[in-house]
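Fit chain to chain and form the complex, with the hints in mind.
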Amino acid sequence: MYRYDEFDAKFVAERVAQFRGQVERRLSGALTEDQFKPLRLMNGLYLQLHAYMLRIAVPYGTLSSRQLRKLAHIARVYDKGFGHFTTRQNLQFNWIKLVDVPDLLSELASVEMHCIQTSGNCIRNVTADQFAGATPEEIEDPRPLCEIIRQWSSLHPEFVFLARKFKIAVGATEHDRAALQYHDMAVQIVRNDEGHVGYKVMAGGGMGRTPYIAHTMTEFVEREDILAYLEAVLRVYNQDSRRDNIHKQRIKILVNAIGVEEMRRRVAREFDEIKRMGTLQLPLEELARITAYFTAPKFETLSDEMPEGGAGFADWMKTNVHAHRAPGYAIATISLKSIGQIPGDASAEQMDALADLMDHYSIDEIRVSHEQNLVLPHVKKRDLPAIFARLKDLDLATPNAGLITDIIACPGLDYCDLANARSIPIAQALSKKFADLSRQHDIGELKIKISGCINACGHHHAGHIGILGVDKKGVEFYQLQLGGSGAEDAAIGDIMGPGFGEHEITGAVERVVDHYLKVREPGERFLDTYRRIGMEPFKNVVYQEQLYAAHAG
Amino acid sequence: MAKAQEPQMITANRLRDGEVLYWKAGDWVLALSEGEVFTDPKTADIALAQAMNYVTENKVVNPYLFDVKVAGGDIKPAKEREIIRAKGPTVRGEGKQALGAFDVSL
Chain A
0 MYRYDEFDAK
10 FVAERVAQFR
20 GQVERRLSGA
30 LTEDQFKPLR
40 LMNGLYLQLH
50 AYMLRIAVPY
60 GTLSSRQLRK
70 LAHIARVYDK
80 GFGHFTTRQN
90 LQFNWIKLVD
100 VPDLLSELAS
110 VEMHCIQTSG
120 NCIRNVTADQ
130 FAGATPEEIE
140 DPRPLCEIIR
150 QWSSLHPEFV
160 FLARKFKIAV
170 GATEHDRAAL
180 QYHDMAVQIV
190 RNDEGHVGYK
200 VMAGGGMGRT
210 PYIAHTMTEF
220 VEREDILAYL
230 EAVLRVYNQD
240 SRRDNIHKQR
250 IKILVNAIGV
260 EEMRRRVARE
270 FDEIKRMGTL
280 QLPLEELARI
290 TAYFTAPKFE
300 TLSDEMPEGG
310 AGFADWMKTN
320 VHAHRAPGYA
330 IATISLKSIG
340 QIPGDASAEQ
350 MDALADLMDH
360 YSIDEIRVSH
370 EQNLVLPHVK
380 KRDLPAIFAR
390 LKDLDLATPN
400 AGLITDIIAC
410 PGLDYCDLAN
420 ARSIPIAQAL
430 SKKFADLSRQ
440 HDIGELKIKI
450 SGCINACGHH
460 HAGHIGILGV
470 DKKGVEFYQL
480 QLGGSGAEDA
490 AIGDIMGPGF
500 GEHEITGAVE
510 RVVDHYLKVR
520 EPGERFLDTY
530 RRIGMEPFKN
540 VVYQEQLYAA
550 HAG
Chain B
0 MAKAQEPQMI
10 TANRLRDGEV
20 LYWKAGDWVL
30 ALSEGEVFTD
40 PKTADIALAQ
50 AMNYVTENKV
60 VNPYLFDVKV
70 AGGDIKPAKE
80 REIIRAKGPT
90 VRGEGKQALG
100 AFDVSL
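So the sequence lines, in the order shown, correspond to chains A and B. Its first residue numbered 0, the first sequence is counted upward by one per residue in numbering that gives the first Met the number 0. Its first residue numbered 0, the second sequence is counted upward by one per residue in numbering that gives the first Met the number 0.
Derived by calculation from the structure, the hints in this document are not laboratory data.
Over 12 Å on every C-beta distance to chain A, these chain B residues come out as not near it, computed from the model:
1) A24
2) G25
3) V28
4) S32
5) L64
6) G71
7) I74
Pairs of lysine to aspartate or glutamate, DMTMM-like flavour, derived with a Cα cap of 25 Å:
8) A:K432 - A:D513
9) A:K380 - A:E136
10) A:K431 - B:E93
11) A:K472 - B:D73
12) A:K96 - B:E33
13) A:K79 - B:D16
14) A:K517 - A:E503
15) B:K75 - A:E501
16) B:K23 - B:E33
17) B:K58 - A:D416
18) B:K58 - A:D33
19) B:K23 - A:E32
20) B:K95 - A:E501
21) B:K78 - A:E503
22) B:K58 - A:D99
23) A:K472 - B:D39
24) B:K68 - A:E501
25) B:K23 - A:D416
26) A:K96 - B:D16
27) A:K199 - A:E269
28) A:K96 - B:E18
29) A:K96 - B:E56
30) A:K96 - B:E93
Think of the CB as a built atom: it goes at the ideal place given N, C-alpha and C, for glycine as much as any other residue.
For reference, chain B alone in the conformation it holds in the complex (with noise of 0.2 Å):
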């Protein structure tokens, strides 16, 4: 489990295409900026609970919490590999990134 002093978001992939989701009040966006973050680690651990009954219902993958950083109202995951993730490869325009609405720099 992460640091409990960081924001969590919660992310998974879609079953039938390997989408990359984020969490939001009970359901699931596409876009990070949209997702919902948690400051408090109990709060997110049960979200996650929540989360986890899609998994059970076969609409999402491995869903897990990951760390993030706010300033500003934006939202910028603090490893790399979440922001990859959130925006798409960095080699090619391809992934979220394409749909235009992600400004998520490394």
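Isolated chain A (complex conformation) (with noise of 0.2 Å):
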């Protein structure tokens, strides 16, 4: 994985020293609050319901397993013993005294990490398939391309006061697993018809308030033209995005606004003026250069056999390992989604052990996913039953990787100052509904994806089953959406109708997937069934048994 070079090293202890600085200012008054807000969120600092909230960087999901055991000391040393991960493959720790950040930053860059540009208008943590550098279905690791947007993007003169925040994603596979089209601006590498790899960019997805699926800009961009491409689009952004309705001023207001004909052209005059300045052509010797530090470790000739393991270890294997590109090798996710526990919580125990699990099976490295999982990308198909065995006593080796239970929730109302209502107890309350293995397999594929509030950080527009908290009336209610998709089949969910209570969502939830299974052909996901019928079926069924309940109640 990438390692800091001097340069980094030292633009991010000089990053903590100046923030160390202004904590002093604001503790002693020389800064307001309204002077320090801006700041801390720079540094990934927010106040919320209950304290400080520190959202840590963990570029493209990739984490050393020393960085992990960092991770685990901070949150004994600095929270409450534990952290969460996010949607944006980050970590969030939800109980940090102001007064402490400073320390905390400096243990952070002692194992290269930070919490810069995690907060604010700026471009944010890019974010990456979990699978990346090990699966077969791959074109090549899209992380370098990620580390080079990171570099590019940090602290960007130009870009470090957009008009809201910027999220970037790239792929490398067909299938979708970063949920590419949502993204401000998403890069996806492929092949062109000479079999050359270049890259195919989008821009103005996003979730929100007003959800779009992202636009094709060009089909291939050559690979020494991509900081140029990218930087194009961020131009056209930063010039003509909205800056007097915070509605309004995310890109895909913009490209949606003035059409994507329009941004192209747009786009594409910026390019070819940045071109012809010729100052932002990537050296292709840079990039083998950072290439080199995501080489594949050097695989050994293992046989392709699969083990046998102890109980629970053949449906752990059907939902959480995952194909690799070397024989002998898998991907093993690791699910955070136990039955009734809160979606992408780990315990510093939890990270500890399994940092240690990294360093005895996988190549010392683990992935965040954004569906709030991690991911051991390389390890022996012969050591799986031992790993399973330990991720069990760990409460980690839950089965239902893609399942229904496998739920993602931000962190709503419990935690955070923007939420309208609870996400989490939702989510443990359908995964509690929904426990049985057999009933999960029966159902197959599923993704239910709940936001506290409009901001979307659940993903809930991109859930085949979305659920969306909102506030009626000082109390919780419920919006259910069906439908949508954050895979290669992008789509927004549909909303059904008038909301649910907070006892009676679970109940609609289980309604809709009931009558999937009644309706549903051969072979048909729930997705695959829904758009095929529509939604009148299932809202039929959901607010005529509401309604019979509600009577025989």
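Spelled out as structure tokens, the structure:
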């Protein structure tokens, strides 16, 4: 994985020292809260419902065991013994004290980590496919490009004060595990008709109040031109986006206001200009230098046979183990969604134990997925039974990756200052309702995603079943959406109708699922059935039965 | 500003650690149950103006008024947001509820 060079280390150390000074000046009163707020946000520090929350960047979701141990240490010393993995592949701590943050940042810097650009109106942490470098499906590892984008976008003088935040993801497979089309800008590594590897660039996607699927800006950009092209898109956004209305400041609004053709024309004009200047050509030797950091380990020649395991091993293999590009190896997904638990949370003890597992069985590397799970990218198949047994001890072996209990949920009103309703208890209730594993397998792939407000950190627009928490006169209500997808068949879920109370929403979801099981055709996932029959049959079942239940009750 | 007929309290976060605080007679306390309830909006506004001095002194952040219901001597915030703030997350037993003295059920 990438290691800081002298410049990176100096840059992060200077930022820590700078923020230490800013915190001191805030505490002494030399800075007011209004002056300090944008400075703390630039360092990932929010003031939430109960305390300060610190968001730590995990670039493209890759962590070393050394880094994970440091996060466990921080959880113990500075927080309440756990951390929360987010849908941007980052980690959040919920109980941080402002006075501790400078020391905490110093600790992070000692393992080449920071919180820069995890908040504020700038280019945020670049995300990637959690199977990067391991899956046989990809054209090449997307992380070298992510790292180049990270370096280009860190404190980029033009893009530090954008109209709004800007999120970029990179993928390299047909099957999209990084929700590319829901990003402000996304890069898909592709091969053109001549067999050359280059980049397809999309822009204008996003969730939030006004969800949009991204449009293709260009089908192919040459390797050395990618930064020039990305800069061209950012320039058009920076120059032409509205700054008068917070709800209309994202690039998705611009693209859809001026139209995709006009957007492409403006980007092409900027791209030509940048290319003429010749300052943003990506030297191929630099690309090779960065790529070298991500070179896969030398894989041993191993038997490709799947080993036998103890009780539950076969179930875990079915959903949580995926094909690796090297024979005899596998990718193992570690579910952070054990039944009834808080999606994405991991305790300090679990993090430490996982770091040991990484050292023993993986190549000192773990990935955070945007679905709030962890992934061991390179494990030997013969070690899978031992890994499974250890994960079981840690309550991390739930065999539900991609199933209905593998639920994304934002922190919601339990922690977040912006939330209107709680998300986590709904996720927990659904997880318990569908806990039976044979039922989960019968239901098949079904992604539930829950947000506690319209900002959509829980990706509800992209859920096969999406749930949005709203505030109705001070009481939590939940809207149901069906048919969304964050994968290559990206779609925005349709709103079913009037919302449900806290105690009604799980029943409503169950009626949707039961109806799907009743009417599905052979081989159909929930999403396929929904696309075939539409909202009406589900709506009828959900509301009629609710009415019946109300009368019967 | 909240509706005049509802009793109100004042809350803020402590600057140095973010701790949730409640206003009581010119100072701050940790527990909602120990905070001051204002039945008269004018008195509440005067207290809020006093509470703002702590912002100037860099002790607290963002003081504001919120509605509560008082029944049988028990204080309960009108909105779930403030109930959760007063007690702690409903999904883990941490925050003020960990201190044991704050029975603010949802």
